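Q: Here are the chains, one letter per residue:
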Amino acid sequence: MRSEAQKNILDSLPKEDLLSSGVDLSEKGRAATFVQVDERPSLFRSMFQGIELIPTEEALNRYPQYKKFFGMAFTAVGEDFPRDTQGGFFLVIKKGAKVTLPVQVCLFLKKKSFSQKVHNIILVEEGAQAYVINGCASDKAATDAFHLGISEYIVMRNGYLNFTMIHSWNDSMVVRPKSIAVVEEGGTFVSNYVSLKPVKEVVMYPTCVLKGRKARASFSSIILGHKGCLQDVGSRVILAAPDTSAEIVSRTVSMGGKIIARGHLYAKTPGVRAHLECQGLIVSEQGTIHAIPELQTDYRDVDLSHEAAIGKISKEEIEYLASRGIEEKVARSLIIRGFMDTDILGLPDELREQIEELKERLTEQAM
Amino acid sequence: MARLEIHNLSVGVGSRRILSDIELSIGEGRVFVLFGPNGSGKSTLLKAIMGISGYDILSGEIIFEDRVINGLSVDERARLGISMMFQHPPGVRGVKLSQVARILCEDEEKINKYVQLLNLGYLFDRDLNVDFSGGEMKRVELLQIILMQPKLILLDEPESGVDIENISIMGRVLDEYLRESGASCFVITHTGYIIEYIEATDGCLMLDGNLYCVGNPHKLFETIRDYGYEKCKECTVRHAE
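Protein chains in written order, with my numbering: chain A, 1 to 367; chain B, 1 to 241.
Hints listed in this document are in silico derivations from the structure and should not be mistaken for laboratory results.
As the structure is a computational prediction, the values presented were derived from the model and not from experiment.
Any given hint might turn out to be false.
Said to hold, decoys possible - Capping the alpha-carbon separation at 27 angstroms, the derived lysine-lysine pairs in BS3-like fashion look like this:
1) A:K28 x A:K359
2) B:K96 x A:K329
3) B:K96 x A:K359
4) A:K315 x B:K151
As the list claims (entries may be wrong) - Here are some of the chain A residues that sit facing chain B, going by a computed Cβ distance under 8 angstroms:
5) A308
6) G311
7) E317
8) E319
9) Y320
10) L321
11) A322
12) S323
13) E327
14) E328
15) S333
16) D341
17) I344
What the hints assert, rightly or not - Going by beta-carbon spacing under 8 angstroms, a handful of chain B positions derived as facing chain A:
18) S53
19) S73
20) V74
21) D75
22) P89
23) V92
24) R93
25) V100
26) M148
Even glycine gets a Cβ: it sits at the ideal position worked out from N, Cα and C.
Produce the entire structure from the sequences given, and follow the hints as far as they go.
A: Structural data, given as structure tokens:
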């Protein structure tokens, strides 16, 4: 059972913010839970044998064999990373473990003007399978706060990682996630990103390196841009081994915010295939969407494609729904919600329903 | 009290005047059929009643159940009880037929009943009108109309693009609704198929934005079928209403 002290931590955080970042407070539908408030990992427990979920510092101290994974993904792309991090989670899905209930991780900001800097590592061992839901949220009182998330995901041979990040910050937060995934032979990395609440600024360009034959990556994002917000969000896949494949899909809606939707597919070896799709919807005259899809190859024998489209809600559709007695506001909300199609996300059923509810609530609020 | 009354109505689209000085009255429970050649202004009249944008009332009044509705928005008119079948409904990507059906009607059993009757089960969880065939769109339109429980139904060529079997299905559903609800219906038809299923009570002819020959719809349809609209134009018997 969960210790009382740990239980109190979940209870002490604002429920609404936790729920809108996908946290299951009862933990009943979760395989493991990790919560960090500001600089301190406050709760971490695994309800499943094949899962280890502890703070990163603790993992590196306790298990010398894991030390080599610290910084490994950044080395793979030749990038450096900040070392002044505090906390973050270290998740290991043990060899062959198939975990169908999601592992939940919540990074929470409570203090005003605080800089939360975490280093997270997920290790999916050979043949293992896991769903992770990473909720990032902040208290309304945590104004002008900053979050830096360094994340490394290693998916070993034939492993499967389905990672969903839900951003649920407040409108004065500046956020800089830096994530690199490395996928070995036959492995799969599915990344879902959902950002529906106002946030001052998010800049991120998570990258996945497919380094083993037949590795696969899929990035899907649903982004709602509110007035005054800047979201510069991209996904990059480096196809570095034969027979690898990737897909990047994004649906962005600007209700007055500035959205830069980037995507980059880079074929570093022949015999790979990948597709990139950016679709944007501008709802407000003040909104801007800048879609920047990039395809790059060093070889001829590759199959890379992209499509990008930005449009507005058609007046004809609104009027059609109005002729059914549906108010314009409700009609617009229906169309916007429909555009942010959760079917593009590779979500397990229980999460899909949760995100669908979230989307409904937050879109209504934004209208 | 008439359900719908139109007095002295002139309607323009852009800078063009399409309808001039229309006078019309449709009583409770009446099925009023509007005949007329292409381009005569029939659809314009229906759209003006519904309040569709771009169809500007230049003069006159549209009165629904004793209330002038000229200034009301489309959704306000719909909530008063007016429902129009679109001839070319737009596809609404991301919005499922099931979502709209549940907004229009809270009775799940009733939704199921009409989804079955209109053979729409396979389209129920699809995006509304996206990649639907002409016939499918018409059945989906009728489903939404019935679920709204309107007092006045505006039908713009309900049979176009629909095969004979489905016309009969639609006709029966519509007939049952009209009988049970006492709703009125204003229908444009070219082929006349639909009035084999619903009991048309009144009819009239539209030529160049004016209405003529208000009277027995079946007799009117026969005459049009026998002589064609060309003869109607030359006819000296026709009289302005």
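Q: Hint by hint, which ones does the structure fall short of?
A: Of the numbered hints, 5, 6, 15, 17 do not hold.
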